[in-house]
Amino acid sequence: MILRLAHRNLWRNSRRTLLTLSAMGTATGLLIFSLSYLNGLLTDMIESATALGDGHAKITAPGYLASHRLARTLPETPPALTGARGWAGRVRGFALLSAGRGADARTQPAEILGIDPVEESRVTRLHERVIEGAYLPQTDSRDLVLGSGLARRLRARPGDEIVVMAQAADGGTAADLWRVVGVVDTGDSARDSALVLVGRRALQETLALNGRVHEWAVRLDRPRDAPRWVAAQKTDAQRDITPWTVLLPQLADVLRFSAAARILYAVIFYFAVVLVAANTLTTAVFERTHEFGVLGALGLGPGRRLALVVTEGALLGLWGAAWGGLLGGAAGWYFDAHPWPLNFARFSWAGASLEPRIRTVLAAGDFVWAVALMAVLGAGIAALPGWRVARLRPVDALRAS
Amino acid sequence: MAGGPSASGGRPARVVTLWFRLAFRNLVRHRRRTALQAAAAGGAVFLAVAFNNIAAGVWGDMIDQGTRAGSGHVAIYRRGYRTERDASMTFAAGSLVEDVKRRPGVTGVWARAYVPGLARSAREARGAVAVGMDFSSETSDHPFFRRGPSSGRWPGRPGDALLGAGLARELGLAVGDKGVWMAQDPSGDIASRRFVVSGLLATGLREVDDSTLFVLLGDLADHTGGPAHAHEIAVRWRDAQDIDAAVAAVSATLGDPALEAVDWRRAMPGLADLVRLDRAGHAVLMGSLFVIVGLGAINTLLMSVLERRREFGLLRALGARRGGVLAMVVSEGTFLALGSAAAGLGLAALAGLYTGRRGIDLSRWVGSQEAGGVLMDPVYRSVWDGGGAVVLAALMVLIGGLAALYPAARAVRTRPAEALRR
Chain A
4 MILRLAHRNL WRNSRRTLLT LSAMGTATGL LIFSLSYLNG LLTDMIESAT
54 ALGDGHAKIT APGYLASHRL ARTLPETPPA LTGARGWAGR VRGFALLSAG
104 RGADARTQPA EILGIDPVEE SRVTRLHERV IEGAYLPQTD SRDLVLGSGL
154 ARRLRARPGD EIVVMAQAAD GGTAADLWRV VGVVDTGDSA RDSALVLVGR
204 RALQETLALN GRVHEWAVRL DRPRDAPRWV AAQKTDAQRD ITPWTVLLPQ
254 LADVLRFSAA ARILYAVIFY FAVVLVAANT LTTAVFERTH EFGVLGALGL
304 GPGRRLALVV TEGALLGLWG AAWGGLLGGA AGWYFDAHPW PLNFARFSWA
354 GASLEPRIRT VLAAGDFVWA VALMAVLGAG IAALPGWRVA RLRPVDALRA
404 S
Chain B
-4 MAGGPSASGG RPARVVTLWF RLAFRNLVRH RRRTALQAAA AGGAVFLAVA
46 FNNIAAGVWG DMIDQGTRAG SGHVAIYRRG YRTERDASMT FAAGSLVEDV
96 KRRPGVTGVW ARAYVPGLAR SAREARGAVA VGMDFSSETS DHPFFRRGPS
146 SGRWPGRPGD ALLGAGLARE LGLAVGDKGV WMAQDPSGDI ASRRFVVSGL
196 LATGLREVDD STLFVLLGDL ADHTGGPAHA HEIAVRWRDA QDIDAAVAAV
246 SATLGDPALE AVDWRRAMPG LADLVRLDRA GHAVLMGSLF VIVGLGAINT
296 LLMSVLERRR EFGLLRALGA RRGGVLAMVV SEGTFLALGS AAAGLGLAAL
346 AGLYTGRRGI DLSRWVGSQE AGGVLMDPVY RSVWDGGGAV VLAALMVLIG
396 GLAALYPAAR AVRTRPAEAL RR
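Chains as they are written, first to last, in the numbering used here: chain A, 4 to 404; chain B, -4 to 417.
Rather than coming from a laboratory, the hints here were simulated on the basis of the structure. Here a beta-carbon is modelled for each residue, glycine too, at the ideal position from N, C-alpha and C. Incorrect hints may appear among the rest.
To be verified - What the simulated footprint calls covered on chain A by chain B, stretch by stretch (three residues with Cβ under 8 Å from a Cβ of chain B suffice, anywhere in the stretch; the number is not a length): (1) 98 to 104; (2) 257 to 263; (3) 284 to 295.
Looking at chain A on its own, in the form it has when it is part of the complex:
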């Protein structure tokens, strides 16, 4: 009966109810969309730092991450890992690359990453980012793929020859001729200005590291599982396992701080709507003093009168939440499926590269949280006018009206 009465009371003044609902729905929808946008931003950042960089975790020789010494290596035998989607052995070296001759010569420093193209494709998406030429054909050829910025600075294109001068693990200097087969663009301009991909076997020969790798990059199903996955791995004095949250502490800070940003969004969007709804419900209750007097005289006790007003608030909250959920959910779904490019340059934040676009990732938790909060707020807002109605003496109410 309370539910039916509450429902009827709300639609007795449909214009007022619709206006209040529109404010509640808009706030809920905007909150869901904002949280989805924040998720999209964080997902892009983590993707750029892991799927186009270091993977979700790294296995290295002890001390290698603190100082990338050439001699700190691991065996090339793949590690026994449980719960990982893929892993790729890599060799890292630092070199000077020279293209052209005489006054047209261009020399640039670079970090050379020796990879197995098949293994690497299970960990990163570098192979999807080839913008010119081809990806590495095999692991033992003297072919290389340049980052787009580096290719521009060297004025090198697929087919050109490059002299690579690097320090080998045995202390000697290796200078070899390599051929450019492709150009990749990871989206991170700093990384693209110094990135060279070569076959692992070929780089091992150049650096005198036969049968050794510097790291195993690991891909998991979900990047946010990395710390837990690392904690679950067997400890071993011969190797360090490090999640991306440790490799990229600034990015981990951003992720942690995003929880506070979610609360801030909720405060901004729900602050005004709480006051608007409180206003509506308070006014609605005062308008109906006579009605509550009659209900009281007919035997509707204080508890039920309170329940009636709170139910009206809860219904408003629920409908507003449903409306907003629909709006925010639709917008979140649309921009997830169709990211909207923006006319901005790419920029870096916390060690990650940001795509200039509006991309959302609709998370069920955020959706439920925003909708439930609005529904609860609706009931909560109605508690104060409900309390006044509960304390109303029927005789006084009838006399006053």
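Please build the complex by placing chain B on the supplied structure of chain A, with the hints as guidance.
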């Protein structure tokens, strides 16, 4: 002319005053409702202005840090260098630096060279950028150098190098150790030069700490083509808001058409677009807040109008014209918004006194953050953005007035006989 019975007497000012007084009295009559709506509108203005001030402080800090460490407010380059970053694109900076210094409005001028190469120790080699600069003038103003070297001293003698702490760790070098710098010279050959580590620098920016060594500008002469040759002249200007004047003044000193003077937004597009995108996101957030408050204002005024049908009927029966009733209702919305905006501005100014001096300290949750190539302080300090505050407050008043239009239209449609009969 809109007015009541007395309007025909030709005293418009008095009529307008009458409607204003009525509007004001209507707001006072319903104190609770007025207070709730004012809290919503005033709170929105407070939130919007306070956030805008904090955002303006953060943006200002980022731009200030970026322009001090990077291009200055205006930078001089050889045309094409900004996109190509070709180390051979140097120019003679000596006399040009002196010419620019003499320009009124210029507060600092620094010539820098950026040479990519390979830093080597006996055991390791790393790709790095050697930054050639004048330490005597840069150390007081450059954000990387304010705290001084983390160990050792600034480069002072030829051959001295200040190494990023991460680069020194990778190379296994400490203060006093020797290393070799290898990079291309103007003829296309590789030139090597020994350096002595005079000090180490820890800025918190990975790109700087792990791959930069700072040397005297003259030490890169073998690579740049001369002891005073540079890739960039960074110019600080007195008024950061008047960048166009700065570009014009600096451009006027360039005698060589191969050189260009560009403002920091073109020299550091990553930083400029980060600020631009953040501004756009901020505007969307505040716009959304105002939309919600606007819907609330329509609701409140509509309730007020529907409750007072009899009153409007009586006014109309007494001869009040539609325009007068419309003006009264719109005035109610506008007065409410005006009062709310003033209260919100006052609160935001009070909050700004705290956030401007003490700041909002986020260091418990986040460390220093790199963004757009600059290091952001985890303590966010606000600045009073007067223009932004006025725009936001005016927007709220406009929303208040516009939100009153629909309820006002309902009020003027009231038919006196029908309303009095109810």
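Checklist entry - For which of the previously enumerated hints does the structure constitute a violation, in increasing order of number? => result none
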